[in-house]
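*Asks:* Two chains, two frames, some hints: make the complex.
Read top to bottom, the protein sequences are chains A and B.
Heads up: the first sequence at position 25 corresponds to 25 in full-length UniProt numbering, and the numbers run straight through without jumps.
Heads up: the second sequence at position 41 corresponds to 41 in full-length UniProt numbering, and the numbers run straight through without jumps.
Treat the hints as calculated values from the structure; they're not laboratory data.
Given the structure is predicted, the values throughout are model-derived calculations rather than measurements.
Ideal Cβ positions, reconstructed from N, Cα and C, are used throughout, including at glycine.
Any given hint might turn out to be false.
Stated by the list, open to error - Here are some of the chain B residues that sit facing chain A, going by a computed Cβ distance under 10 angstroms:
no.	residue
1	T13
2	I15
3	A22
4	F29
5	Q37
6	D45
7	D104
8	R106
9	L159
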Amino acid sequence: MSDREKEDRNVQTGQAAKSLQPAPGLGINAAIGRQLKAYYDDVASEPVPDRFLSLLDALDKAESASKSNNRE
Amino acid sequence: MSKQFDFRQELITIIPNLRAFATSLTGSFDRADDLVQETLVKAWDKQHTFQPGTNMKAWLFTILRNEFYTQMRKKGREVQDVDGIHAMQLAGHPEQQGHLDLQDFRKALELLPDDQREALILIGASGFSYEEAAEICKCAVGTIKSRVSRARTRIAEILGVEGDGDYGPDSISSQIIGVAPAA
Numbered sequence: 001m002s003d004r005e006k007e008d009r010n011v012q013t014g015q016a017a018k019s020l021q022p023a024p025g026l027g028i029n030a031a032i033g034r035q036l037k038a039y040y041d042d043v044a045s046e047p048v049p050d051r052f053l054s055l056l057d058a059l060d061k062a063e064s065a066s067k068s069n070n071r072e
Numbered sequence: 001m002s003k004q005f006d007f008r009q010e011l012i013t014i015i016p017n018l019r020a021f022a023t024s025l026t027g028s029f030d031r032a033d034d035l036v037q038e039t040l041v042k043a044w045d046k047q048h049t050f051q052p053g054t055n056m057k058a059w060l061f062t063i064l065r066n067e068f069y070t071q072m073r074k075k076g077r078e079v080q081d082v083d084g085i086h087a088m089q090l091a092g093h094p095e096q097q098g099h100l101d102l103q104d105f106r107k108a109l110e111l112l113p114d115d116q117r118e119a120l121i122l123i124g125a126s127g128f129s130y131e132e133a134a135e136i137c138k139c140a141v142g143t144i145k146s147r148v149s150r151a152r153t154r155i156a157e158i159l160g161v162e163g164d165g166d167y168g169p170d171s172i173s174s175q176i177i178g179v180a181p182a183a
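Here chain B stands alone, though its shape is the one from the complex (with noise of 0.2 angstroms):
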């Protein structure tokens, strides 16, 4: 009785996270609490397979990466073939050197390839571990973090701004990361 009563409290208070992360899967407000409310169903019907004591806020966010790679695969993937054209256009603007503007940044993010975007995700924004994330994603630690530090190098192509020779050894920043300069 209590037992579900605090399933239910925990689910609420992971929630926003849940909505973030769904939003940078869909690319879409609509689309993220759409998948969010059918992880929520998932989540209830199965929730004699959470082992109390373990990473819920984990065991959902797999569960939401799960619907929705099985809702692209019965969709079938639109092909994004504008990625270079798009990356294009956003470069390439000296005056915004420095400077990021969160829209720009959005359109970055959306320009990723799905599993470098949802790496970066998970790792920068998140709050997951690369271990954490790993388990999520289903591969090897060493590979979310080749998937984060391509992410982010792509981001500074797009933006147009790959500027770290000219602000020097980037430490303080790849703590904020969460991993090192790529060499």
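Same shape as in the complex, but just chain A (with noise of 0.2 angstroms):
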């Protein structure tokens, strides 16, 4: 999409696209942190896959039977 049309639809649809630009006043700073906050999110935001789950039910399951294990 080029910066026209990206312009044309900003002003159209308000808000759209304004994660992606700096507003006035606040800088390619401002940009970058929620560039930042994007990038990050994008990974954090995902539900917790199933191996690590799998993963900590094995590790609890190991602990508890080495533990009867010792008290017997």
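*Replies:* This is the structure in structure tokens:
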């Protein structure tokens, strides 16, 4: 999409493309801050993959097993 | 018994943050998840060293970061001498001034030195204070501040959007990043 089109869309949709552009008076550092959050949340907003839940279950079981063995 | 259950639950709530931090360190989703897996195993093994009531997120980030750098030292770090060239290619698109595309941003982030990138992520995205970030990175608070500041300057340079002069004082954005604009 060209910048011209982006601008047009901005006008039409108000805040739609706002996150990609520094608002007047905010500057590049604000844009970097927003992109940084977007970059991070791209991963951080995903649900926890099953492999990690299975891993914790396995660690939990291994630990309980070794504990009950020790008691016997 | 219930204490272990809580530990596990706490771990799970922090996994998304660990994955995001690991992605920023490794630059790869697959390697990031391997790193998170190793971190969880390590954390589980040493959960008795964690003091309840202290910051578990910072504790886990420290373990993950240590694990990452231990692996890097073992493997030997690939030298990033493409730095300057890549930066040149990314910069100099005047039509992009004022616009930051997420793909470009990702590339710019990858071009940062490791210490600057992790400082920027910890402060600007993970939500740690300078003191916590300093603890995680085992350096002085002032060092974190200067790394974050240099990281922001460098990203602006790479993306060719050195725009502070055009936008005036940057008070609001510096609140967002959490540091005063570089003098």
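*Asks:* All hints are to be evaluated individually against the structure, with a verdict given for each.
*Replies:* Going through the hints against the structure:
Annotation: T13 (chain B) was flagged as interfacial toward chain A, and the flag holds, the nearest CB pair being 9 angstroms apart, inside 10 angstroms. With a least beta-carbon distance of about 5 angstroms to chain A, the hint placing I15 (chain B) at the interface is held under the 10 angstroms criterion. Taking 10 angstroms as the C-beta cut-off, the interface hint given for A22 (chain B) holds, the closest approach to chain A being about 8 angstroms. Nearest Cβ of chain A to the Cβ of F29 (chain B): about 8 angstroms, under the 10 angstroms cut. The hint holds.
With a cut of 10 angstroms, the hint placing Q37 (chain B) at the interface with chain A holds, because the nearest CB-to-CB distance is about 6 angstroms. Look at D45 (chain B): its Cβ gets to within about 9 angstroms of chain A, closer than 10 angstroms, so that hint holds up. Annotation: interface hint on D104 (chain B) holds; nearest CB of chain A at approximately 9 angstroms, less than 10 angstroms. Because the closest C-beta pair between R106 (chain B) and chain A is about 6 angstroms apart, less than 10 angstroms, the hint holds.
With its C-beta approaching chain A no nearer than about 8 angstroms, L159 (chain B) sits inside the 10 angstroms limit, and its interface hint holds.
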